[in-house]
Amino acid sequence: MRAFPLTRLIDRAGVVFLVLLGAFAIAIPVLNLLVPASSSFHVTTYLVTLFGKYLCYALLALSIDLIWGFAGILSLGHGAFFALGGYAMGMYLMRQIGTRGVYGDPILPDFMVFLNWKALPVYWYGFQHFAYAALMVLLVPGLLAFVFGWFAFRSRVTGVYLSIITQAMTYALLLGFFRNDFGFGGNNGLTDFKDILGFNVRAETTRNALLVMSCLAVAIGFIICRAIVTSKFGKVLVAVRDAEARTRFLGYRVENYKLFVFVLSACMAGVAGALYVPQVGIINPSEFSPGNSIEAVIWVAVGGRGTLTGAVLGAILVNYAKTYFTSGFLAPYWLFMLGGLFVAVTLLLPRGIVGTLKWGMANRAAAKAVAAEEGADADPKAEVVPQTAAAE
Amino acid sequence: MTEPHTTSALLYLDGITVSFDGFKALNELSFVIEPGEMRAIIGPNGAGKTTMMDVVTGKTRPDAGDVFFEEGAYDLSKLDETQIAELGIGRKFQKPTVFEMHTVEDNLQLALKNDRRVRSTLLWQSSGDQEKRVDEILATIRLSNLRSRVAGSLSHGQKQWLEIGMLLAQEPKLLLVDEPVAGMTDTETMQTAELLKEINRDRTVVVVEHDMAFVRELGVKVTCLHEGSVLAEGTIDQVSENERVVEVYLGR
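Chains A and B, in that order, are what the protein sequence lines are.
Here the first sequence is numbered in numbering that gives the first Met the number 0, starting from 0 and rising by one per residue.
Here the second sequence is numbered in numbering that gives the first Met the number 0, starting from 0 and rising by one per residue.
Simulated from the structure, these hints should not be mistaken for lab results.
Be a bit skeptical, because a hint or two may be false.
Below, a list of computed lysine-lysine pairs in the BS3-like style, where the Cα atoms sit at most 25 Å apart [as the list claims (entries may be wrong)]: (1) B:Lys131 <-> A:Lys231; (2) B:Lys112 <-> B:Lys23; (3) A:Lys52 <-> A:Lys193; (4) B:Lys58 <-> B:Lys172; (5) B:Lys112 <-> A:Lys231; (6) B:Lys58 <-> B:Lys23.
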């Protein structure tokens, strides 16, 4: 727990991760914009957007890893915060359309004209300003997480019960957002966006800029998570995860710790959703579907719970696989493959990819330390890192 | 406080009753612990020893009766676990409960008396004083050479000591220790008795234990519980000669 601020914050894996991310953020726009389309090094705009999408998922995965990997809060409804952030951004993008909509109404988005609405609902006010929308991207998911967490953590709802009510939360929102009179475009959601901050959302340069912003968001999210988990606060979180009652008897207000990290995580998920929407060009209620949230948890499990870099890796790998397999003749079987992957990871690789690598390295280092400490009679294969937490 | 209580006791229990689905785990249990005392609590399984600790630490609310701390200044039945821990009551669980994924040193750092609020732990920096305090505790619990080991890799006995160390780090006025020597070797048991005596020099200790050799080694006043109330109280010799105690607990 001694403080070497910078080295404490960014370990060796973190340096590698940030350098790779930075290189990616520079290389992809260069390969897309500057390398001619005839070159085999050219990256198509389709891929730029696809990568941007993966990075948004990576940020969502980071936010889940922060609460699940370190505080033991398994949220199966984090897609709700992602979608709420997305809707906040979508509302801004809708208001930017102005008279270019099909019905040409300067204020009302098309779906409202279609529904014969005469005035803009009050909760749509202010969304023509980017700053206001950006604030809402953080505030709306954060507030929902605060209210939800306040009740859940104070009532000491934990484990599978908490997971179930997070599912119920996202499902309730799904049903709500499907309704036309909810005022968010019902079934069709929000789409047909034109501009973001005055730039055409479909332009190549805008897409590259959004990719770079997504890289930046993942990097910032990663650094925030590292700052949290390497602080004493982070050690308390792990303590809560592994022995909640013990932590409480030590005098820590467990519910406050959980609430803080849950709200922070929801805000991160909201930012991920907000970056996602201009890149895919649509937000609709299906983003709230419980399956989405579960899928996001699988990314984290595959990459390695409680490793942060693993969450990012898992999100990118699984989504790459999804893109690959859902575009071929295997498409109808994707959900089976995803389920199979989850079962396989749980059974064969309970620590996930990065978790297994880190565990192996830590074990070797610890075995060496024990051997040095106890002399020649130490068993070099001694398993010194307990399995409990990762296997849970 | 609604009514004044005149007691010199650090911990005062009067007429505590706790029932679970009609089963009375505690039945009008009353006893007092004086400041600076060490008390051993014995009794057969189901006598209410652990429930008594649950009541004192705020995990279980009594259906009836009074629990007061520090000469009647605090009514523990109205406070929750965190508030009670802040008052200075530390608890060791029956099963050793340490933070398995943290190092021995971090376990102690987390237990050290400190500001427990979210903001202060986010910005927390270790200080020289605290490092010194951790060193002292490590020496007391005989784990100095294992400070950077992950707690999950410690032996059962070492985990028990680490947990006692975590209690010490909280600087409590009262330590509740539930079966500290369960599963320990004879040597470890005797070392633990030494350790508790050392701790008792500046703190009040209540030990729940089955191991009579250990209780004898402690050489303190003994309270025997049976069916949720006090059956006998006195020195180990007095209690172990008590006919009822022999009948329900020690056996003939």
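Please verify whether lysine 58 (chain B) and lysine 23 (chain B) have alpha carbons no more than 25 Å apart. Holds. Lysine 58 (chain B) to lysine 23 (chain B) sits at ~17 Å (cutoff 25 Å).
Within a Cα-Cα threshold of 25 Å, do lysine 58 (chain B) and lysine 172 (chain B) meet the stated pairing? Satisfied, since the Cα-Cα distance of roughly 19 Å is no more than 25 Å.
If you draw a straight line from the CA of lysine 112 (chain B) to the CA of lysine 231 (chain A), is it 25 Å or shorter? 14 Å, holds
Hinted pair lysine 131 (chain B) and lysine 231 (chain A), Cα distance within 25 Å: With a Cα-Cα distance of about 18 Å, the restraint between lysine 131 (chain B) and lysine 231 (chain A) holds, given a limit of 25 Å.
For a C-alpha distance cap of 25 Å, please report whether lysine 112 (chain B) and lysine 23 (chain B) respect it. Not OK: lysine 112 (chain B) and lysine 23 (chain B) at ~36 Å, beyond 25 Å, violated.
Given the hinted pair lysine 52 (chain A) and lysine 193 (chain A), is their Cα-Cα distance within 25 Å? Status holds; Cα separation ~19 Å.
Going through the hint list in order, the structure does not satisfy hint 2, though it satisfies all others.
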